[in-house]
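Q: One letter stands for each residue in the lines below.
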Amino acid sequence: MWLIRAFEESVSELVGTGEVVGLVHVSIGQEASAVGVCDVLEARDRVYSGHRAHGHVLARGADPTAVMAELMGKATGLCGGKGGSMHLVDVTHGVLGATGVVGGTIPLALGTALALRETAPGAVAVVFFGDGAVQTGYFHECLNMAALWKAPVLLVCENNGYAEFTPRSAHTPVERVTRHAETYGIDARTVDGNDVVAVREAAAALVAPLRGGGGPALLECLTYRMRGHYEGDPARYREASELAEWKAKDPVRRCASAAVERGELSADDAAACEAAARRAVAAAVAAARSAPFPPPSALTEDVGG
Amino acid sequence: MWLIRAFEESVSELVGTGEVVGLVHVSIGQEASAVGVCDVLEARDRVYSGHRAHGHVLARGADPTAVMAELMGKATGLCGGKGGSMHLVDVTHGVLGATGVVGGTIPLALGTALALRETAPGAVAVVFFGDGAVQTGYFHECLNMAALWKAPVLLVCENNGYAEFTPRSAHTPVERVTRHAETYGIDARTVDGNDVVAVREAAAALVAPLRGGGGPALLECLTYRMRGHYEGDPARYREASELAEWKAKDPVRRCASAAVERGELSADDAAACEAAARRAVAAAVAAARSAPFPPPSALTEDVGG
Amino acid sequence: MADTTYIGAINDALASAMRRDPAVRIVGEDVAEGGPFGATKGLAAEFGERVRDTPISESSIMGIGAGMALAGLRPVVEIMFIDFITLALDQLANQAAKARYMSGGQLRCPLVVRTSVGAGTRSGAQHSQSLEAWLLHVPGLSVVMPATAADAGGLLLSALRADDPVVVVENKELYFRKEPRVDLAPVPIGAAAVRRPGRDVTCVATSRTVHEALAAADELARDGTEVEVIDPRTLHPLDLDTIVGSVRRTHRCVVAHEAVRQGGFGAEVAALVQEHAFDALDAPVARLGAPYAPVPVSPPLEDAYLVRAPAIAAAVRSLVA
Amino acid sequence: MADTTYIGAINDALASAMRRDPAVRIVGEDVAEGGPFGATKGLAAEFGERVRDTPISESSIMGIGAGMALAGLRPVVEIMFIDFITLALDQLANQAAKARYMSGGQLRCPLVVRTSVGAGTRSGAQHSQSLEAWLLHVPGLSVVMPATAADAGGLLLSALRADDPVVVVENKELYFRKEPRVDLAPVPIGAAAVRRPGRDVTCVATSRTVHEALAAADELARDGTEVEVIDPRTLHPLDLDTIVGSVRRTHRCVVAHEAVRQGGFGAEVAALVQEHAFDALDAPVARLGAPYAPVPVSPPLEDAYLVRAPAIAAAVRSLVA
Ligand SMILES: Cc1ncc(C[n+]2csc(CCOP(=O)(O)OP(=O)(O)O)c2C)c(N)n1
Ligand SMILES: Cc1ncc(C[n+]2csc(CCOP(=O)(O)OP(=O)(O)O)c2C)c(N)n1
Ligand SMILES: [Mg+2]
Ligand SMILES: [Mg+2]
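Chains as they are written, first to last, in our numbering: chain Z, 657 to 961; chain B, 657 to 961; chain G, 373 to 693; chain H, 373 to 693.
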C-alpha cells in the first residue's frame, strides 16, 4: 500500500511540474480496495479498471517505472506512452484494460469472464469501478447478464461517495450498491474499504465460489478519495470536516499501525516499509524521467483496421 | 377493446394482402393493458409506446381511419404515411411517440414528465414497453432518475413473457419487473394484464399520487400475445398448449362475458359492441384504402436540420 | 450446382468457421433461434452454448464481445439492424477499435460485428438506415460490405481470421437474392472487385447498389456507353488503386450508395478520386445517395428514396453528355 | 472593453437565454457545480432547478432532453466530451433527429446539445476525439462549430431559438482563449464567415483550425500568397455559396479540420467543391485532418497528431507551386 501511496503522491507532484501529463485521477485514500482485492487474485485472473487506475495496476504487480513512464508519455511506458493515465494495460500482469468512459470496462470484464470460464476454468475476471458507474446502463445490463449466465466475474465498486463534484445523494436514492445485487440473487458484500484486511477477507470469500463455477459476485468498498476528483480540482464541493474525518481513517497508516499493534511489525519495520516504497518510487521517477519519448513513427503504429 | 381487437385482426389480414406494409406487431391478447391504463388518463396526459403501439394509440382515442391509413403509408395517415406502424404519433390525443428501438421511449417519457410537472402540474406521462425492454440500460437508468427526481411518470410494462422468440427465462433471472421498482422505493403493482378492470384499478391507484406531486410508479401487466412476434412469425418457439391456455384468458371476451354476467350488459348488447367495432374498422379500412399516397414532395418535407 | 443466397452463405460461413476454429462464438439477440433472417439457423443445434442468446442490451453486448476477444476468443456479435449500433458505439469505437493502440500493441481485439443496413422493407426510419460511413471515421475498424453471396460468406470468413475488429455490413434486401452457388472461400479484406469492365465511365457502387449499377450498365451498353462497375467490397482499408486506375482510363466517375449522400462514403471516394486523378478527370465526380431525410414508410416515398438503376444511368448519361 | 473567453461567452449566452426564455433548461453531469470547464458556472445559483445535475447516464440523458423538448421546453443537454456521445446516439439520431419527420410534422424537438471535441490536452483516445462528421450524416440535425467566443455565444443563442435539434460542437483548446469582448448577439445558423479575404487560395477551416489557418495565412502573406480563410461555422446546413464563390475566384482550395481525415467533414467539402467548381479548379482540393489513428497521450505524438499552421501553410504552398 505504501508503494501506491508514494506513487500517487509523486504523480500529484509531477502533475504540478507538468512532467506527468493529461487528465489524472489519483487513488490516495482508496489504496486498500486495490491491494485487498488483488491480493487474492492469481496470475491467471484478469483485471479491468476505470479512470482511477494506477493503484489497481500497481497492486497487480506492474513495474512502477513503466507505469510512471506511461503517465509521462514515454516510450518505455506500459503502453509505449500512447494510452496514458486512464488507459493502463499490462497484459503480463493480467490487466486487460482501464477506461476513460465511466462504466465502460464492466461489459469487457463480463466478456472476459465468459471466455475464461471456457479457456481457463477456475480463473476469474475482476472489474473495479466507482459509485458513479452504478448509474450507467452498463452496470445494470451486465449485472443481469452476469447473473443469468453465472459468469465468474467479481464486480468491485469503490464507493467513495462522489462522482466528480456531485455526492451520491444527487445521483441515486439507493444507498448501498449491494442492493442491486440482491435483485439478481448475486452474492454481495459491503465492507469498510479503508480496512485492507476486511477487503481481503471479503474478496477471498466472494472469489472462492467463482473459481468453483459459481455465479458473479459484487464487493462494495466504502471509501473516500482524499484528493480532488482530478489533479487540479480544488474540491470546493465538500466540507473540510468530511475530509478530516476520513483522514483519520487513512487506509495506509491504519494498516501499518494495526500491524504494529498486533505485533506483526515493529514500528521501525513499518517506517522502513514506507521509506522503501518512497525510494522505489523515486527511482521509478528518475528512470521514467530519463526515458525517451516514442519516435514519430509510433503515431500510426498498432492502429489496426 | 373490441375496436382494438377488430382493428388488429384486420391489420393482420391486410399484411397478408400487402396493403398494410412493413414490420408489423399486433397486440391481439394484450388489449386490456392499453384500455385499462388509458381509461384513467386525461387529455392533458402524455403517452409513449413501443413497437407494438396500435392498441395504445386507439385506446387514447385516435381515429382508426387515420391509424389504418398510416399503416398503409397513405397521406391521410396519422403521420402522413411517413412514420408507419412502429412510429405512431397523435399529438391531438396526447401520444408523443412510439419507437422501433426497444426501450427508446422510456427516457422520452421521463423527460416529458419533468416538463409536465412544470408546465401542466397534475398531468402525467405514461410509457408502455415490453418485458424485453426491462433488460435495456434505458429502463434502469430511467428508473433511477425517475425515483431520484420524483417524476410524474407511469411506467407500464406489458409482460407477455417473450422478447421476440426468446422466453423471459433466457433474458433475466428476475421474474417480476416490480422487483426493480422496489430497489428504488418506487410504487409498483403486478396485475393480471388480461383483466381490464384489474388493470384500470391498479392504474388509477398508481396515477392518483402522481397527479398530487408524487414520484414515479410502475405497473406490470402479465399478459400474452396471441399471435407471433411480428406478422409472419410462425412462432414455432412456443407450445400450442401455452397458447391454448392463454386463449382461455382472452381479455376481450373475458371482459364482455364478465359484463354480461354482472348484468351490466345484455348478451345482445355485447354482441352489438363487437359488431359495431367490426363495422367501424371495416369503414376505416375502406376509407384508408381509398385515400391517396403522399405526393413526392413529402419525401423531403419536415426533415428539419 | 444449386443456387445459394446471401443469407445462406453467411450461415455457411459461420458454420464452417465454427467447425474450423473452436474460438469462434456467436453472441446476439435470438441467435439461437436463427435470428429474424435465419443467419444463425441451425448453429445452436450444432454448437450448443457457443451460440449465445442475449437480452436486449446492445450497449453491453458489444462490450461483452470485445471482452471475449481481448481474452482470446473470436466472437461474432450480431447487431440486428445497424440502427441499433447507435446504442453500442462506445464499446465499438472507444473500446474495441482503440484497445490495440492504447495498449501500445499489447492487446488485439479480434471482434467481428455482423449488422444489416438498407431500406426497401417499409420498416421505417429506425430499421432502415445505412450508417457505415460512421465506421470509416473510426481508426482501428475494418469495414466490409458484401454485395454478393460469395462475398458475404467470403468476407465473413476473412473477418474471422483477422486479428483486429471487423464490421461486416450486410444488406437486408440482398439476404434472399438467389445466386449460383460457388465454393465458400475467403475473400481478402481490402480488395475491390471489378464487376464489369468498361472504358467510358467508372461507377463505384457498394452493396445493393452494385446490382443497380450493373443494371444501369446493361442499359447504357445498349446505347454504346460502357460503364466499369467497381465494388470496393471493403470500405476500409479501401482498394484505392483499383478505383484510381479505372478513373485514369475512363476519365469519369460516379459513386453510388444507399446511405444518405451528405457525409457518406461517396464523399470520401469523391475526395480521393479528385485528389489522385485530378488531371485525368473530364468531369466532376458525381455522387448518388439518399436525400437528406429519414427513411419514410410510405411505399412511393420509400421507392423514391432509394438509389435505383435509372438514377445511376441518368448520372452516367449526364457525365458523358 | 474587457476581454472575454469562449467559455465565458457560452456562459453568458446560457444565462441570457435563460433570462429571456423561461422554457430553457440545462441538463447534464455536474452542471450545477459549473461543469469541468465552467460553462454553467453560477447558473444554478440564479436559476435553481432549471439547471439539473444528472447521474452518469448519457444514453438516457439525451432522451430526457428530447422528451422535454417534445413537451415544449428548450433543454440544453451537455455531453461533456463528444467521445461520450457514442452512448447517446440512439436518442439523438433515432429519436430527436427523426421525431418531426416520423410524425409527419406533428412534433418539433427544440433540443440543444452542447459537447466538446479536440485533442491537445494529453487526455487520451477517449477524451479527445472530433466526431462531428457523424452528425452531418444524420438528416434532421443542425451542427454548429464555433471558432471564436463571439460565435460560441452567438450560435448558441440561435440554437436556443431554433425549433429542431442543434448540436453545438465546442473545442476544448479554445475554451480559455482570450478575445476582445463583443456584445452577445445571435449568429445565424447556416452562414459562413470569411475570416480573412484573399485572392490566391481558399482555405475552409473549422473550429480550432480556423486560427491555425489564419496563422498560416499571415505567414504566407509575407511571401505574397493571399489565402482566403473561410470558417463555415455551421457544418449543416452548410453555406456552400460562400465557399464555392470563393473557390471560383481563387481556383484552389484546402480544407482543414482536427478530426480524422478519412470520413471527415473535409471529404464532404472536397466532394462538393469539385462538383460545384470543377471548371474553376486549377488543382485538386487538398484535405488536412488527423491521421488514421486514435489520439495518443504522449506529448510529441499528440503534437504531431494535430493539424497546425505549418501543415496548412505547406498544403497551400504545394497548391500554388
Ligand atoms: C460516460 C462518462 N461520462 C462522464 C464522464 C466524466 N467523468 C469522469 S470521472 C466521473 C465521475 C466518476 O465517478 P465514480 O464512478 O464514482 O468514480 P470516482 O471518480 O469517484 O473514482 C465523471 C462523471 C466520463 N468519464 N465518462
Ligand atoms: C434496441 C433493439 N434491439 C433489438 C430489437 C429487435 N426487437 C424488436 S421487438 C424485440 C423484442 C421486444 O420484446 P418486448 O419488449 O418484450 O416486447 P414484445 O414484442 O413482447 O411486445 C426485439 C428484440 C429492437 N427493435 N430494438
Ligand atoms: Mg465515486
Ligand atoms: Mg415481451
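Some clues are possibly wrong.
[Unchecked claim] Pairs of lysine to any residue, SDA-like flavour, derived with a Cα cap of 20 Å:
#1 Z:K806 x B:A854
#2 B:K806 x B:E831
#3 B:K806 x Z:M882
#4 B:K806 x H:D590
#5 Z:K806 x B:R773
#6 G:K413 x B:Y893
#7 G:K413 x G:Y547
[Claimed, not checked] The following residues of chain Z were derived to be distant from chain B, with all beta-carbon distances above 10 Å:
#8 R835
#9 E838
#10 R910
#11 L921
#12 A942
[Unchecked claim] In silico contact screen, one side only, chain H against chain Z (beta carbon under 8 Å); selected entries:
#13 A374
#14 D375
#15 D384
#16 F409
#17 P427
#18 S429
#19 S670
#20 L678
#21 R680
#22 A683
These are computed hints drawn from the structure, not numbers from a lab.
Positions of the beta carbon are idealized from the N, C-alpha and C atoms, including for glycine.
Q: Evaluate each hint against the coordinates.
A: Hints versus structure:
1. Z:K806 x B:A854: The given pair, whose Cα atoms are some 37 Å apart, is violated under the 20 Å limit.
2. B:K806 x B:E831: Cα-Cα ~25 Å, so violated.
3. B:K806 x Z:M882: 32 Å, violated
4. B:K806 x H:D590: Violated - the C-alpha atoms of D590 (chain H) and K806 (chain B) are around 57 Å apart, more than 20 Å.
5. Z:K806 x B:R773: 42 Å, violated
6. G:K413 x B:Y893: 13 Å, holds
7. G:K413 x G:Y547: 14 Å, holds
8. R835: Given that some Cβ of chain B is not farther than 10 Å from that of R835 (chain Z), nearest at about 6 Å, it is violated.
9. E838: 8 Å, violated
10. R910: 32 Å, holds
11. L921: 43 Å, holds
12. A942: 46 Å, holds
13. A374: 24 Å, violated
14. D375: 23 Å, violated
15. D384: Nearest chain Z Cβ about 22 Å off; hint violated.
16. F409: Violated. Min distance 12 Å.
17. P427: 3 Å, holds
18. S429: Nearest chain Z Cβ about 5 Å off; hint holds.
19. S670: 3 Å, holds
20. L678: 11 Å, violated
21. R680: Interface hint status for R680 (chain H): violated (14 Å vs cutoff 8 Å).
22. A683: With Cβ-Cβ at 14 Å, over 8 Å, it is violated.
When the structure is compared with the earlier hints, violations turn up for hints 1, 2, 3, 4, 5, 8, 9, 13, 14, 15, 16, 20, 21 and 22 and for no others.
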